[in-house]
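Chemist: What follows is each chain in one-letter form.
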Amino acid sequence: MSNFSEKKIFEEADNWIKNNKKVSLATVVQTWGSSPLGIGSRMIVSEDGNFLGSVSGGCVESKVVEECISLMKTKKICKKIDFKVSNENAWEMGLACGGDISIYIEEIK
Amino acid sequence: MKIEIIREILKNKSLNKEFALITNLINGESEIFFPGNNPNGMFSKYSEEIEKIFHLNKNGIIEDSEIFVQIYKNPIKVIIIGAVDISMYLIDFAKNLNFEIIIVDPRGYFASKERFPDTKIINKWPNEAFDEIETNTKTALVTLTHDPKIDDPALKYALKNKFFYIGALGSKKTHEKRCSRLLEVGFKKVELEKINGPIGINLGGKSPSEIALSIISQLVSEKYKN
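Read top to bottom, the protein sequences are chains A and B.
The letter at position 108 of the first sequence is residue 118 when you use our numbering, and the numbering goes up by one with no holes.
The letter at position 191 of the second sequence is residue 220 when you use our numbering, and the numbering goes up by one with no holes.
By construction, these hints were calculated from the structure, which means they are not laboratory data.
Treat each hint with caution, since some may be false.
Residues on chain A that point at chain B, a partial pick, calculated with CB under 10 Å [said to hold, decoys possible]:
| hint | residue |
| --- | --- |
| 1 | T37 |
| 2 | D58 |
| 3 | L62 |
| 4 | I118 |
DSS-like cross-link-like pairs, simulated, lysine-lysine; straight-line CA separation at most 30 Å [unchecked claim]:
| hint | chain 1 | residue 1 | chain 2 | residue 2 |
| --- | --- | --- | --- | --- |
| 5 | B | K202 | B | K217 |
| 6 | B | K31 | A | K83 |
| 7 | B | K202 | A | K90 |
| 8 | A | K85 | B | K74 |
| 9 | A | K17 | B | K87 |
| 10 | B | K42 | A | K18 |
| 11 | B | K46 | A | K18 |
The C-beta atom is built at its ideal place from N, Cα and C for all residues, glycine as well.
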């Protein structure tokens, strides 16, 4: 499994943290059927909505950014979000590939 | 996750270490795991599974658990013989494709730091250079000088050491000549089939950047061949 771009993502996360920003990390932890990106794909989200990396090639990113921002506003450390075709939300988001993915989000502290 | 763990991952990657990141998806705890070592605390009961996933080289959640394992293995090392124009484009492409590049060229005026900033260059003949490069079945060789004096010793080394990929620049005719030279010194015909010559996927292009693209495409496609 390649994790080449993760280096860029992690370096940027470190920069954002050094600039006193709250940052969350989103990771694809499970996939079923055809999914655009593999397990281990990552994305970082800052509290002001900036993001880098990708977890689905564009299908669910906006929802993941939203979830990360709200996670950072709570005391919760982490959360797993399932995007399934049968799931109404995912339908709206349009996982066009027809696959299901689980994304784990956590705040970097 | 703690930022310290992210910094540790970056550090271990820069030291070419191979390891895994284990995360408990319920409570958010994570730690770095080195194969052969026992993971700590609550991860310890999964040590066998973690080790298994590591050797399969497949990220994932351990069955019937909420433990996620992400594997960090070293990228494929590509040794390029010849600090030529094509090599510069190869370096550019490789940056975003997870290949480690080392350039070998005994000709100092080619293999200069000015021409190849930020790249590992060994300004020696291939046989001497291989003394200082660790190679294994994850190593690839790309020969680009089309000078038998420089290319052939590297090809011989790669054939003997069962490199993951071997490619040699040159026309069909040049490749035929190359193969007969190698046959003469005792290599078998079937062994020479390992050499991709002419190098690269046939995209039709002729410019240095197009040739580099065809070579890097072939490397990517070989990487995913099972």
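Chemist: Hint by hint, say whether it matches the structure.
Modeler: Taking the hints in turn, this is what the structure says about them:
| no. | hint | result |
| --- | --- | --- |
| 1 | T37 | holds (7 Å) |
| 2 | D58 | violated (18 Å) |
| 3 | L62 | violated (13 Å) |
| 4 | I118 | holds (5 Å) |
| 5 | B:K202 / B:K217 | holds (19 Å) |
| 6 | B:K31 / A:K83 | holds (17 Å) |
| 7 | B:K202 / A:K90 | violated (58 Å) |
| 8 | A:K85 / B:K74 | holds (29 Å) |
| 9 | A:K17 / B:K87 | holds (19 Å) |
| 10 | B:K42 / A:K18 | holds (12 Å) |
| 11 | B:K46 / A:K18 | holds (18 Å) |
Of the numbered hints listed earlier, those contradicted by the structure are 2, 3, 7.
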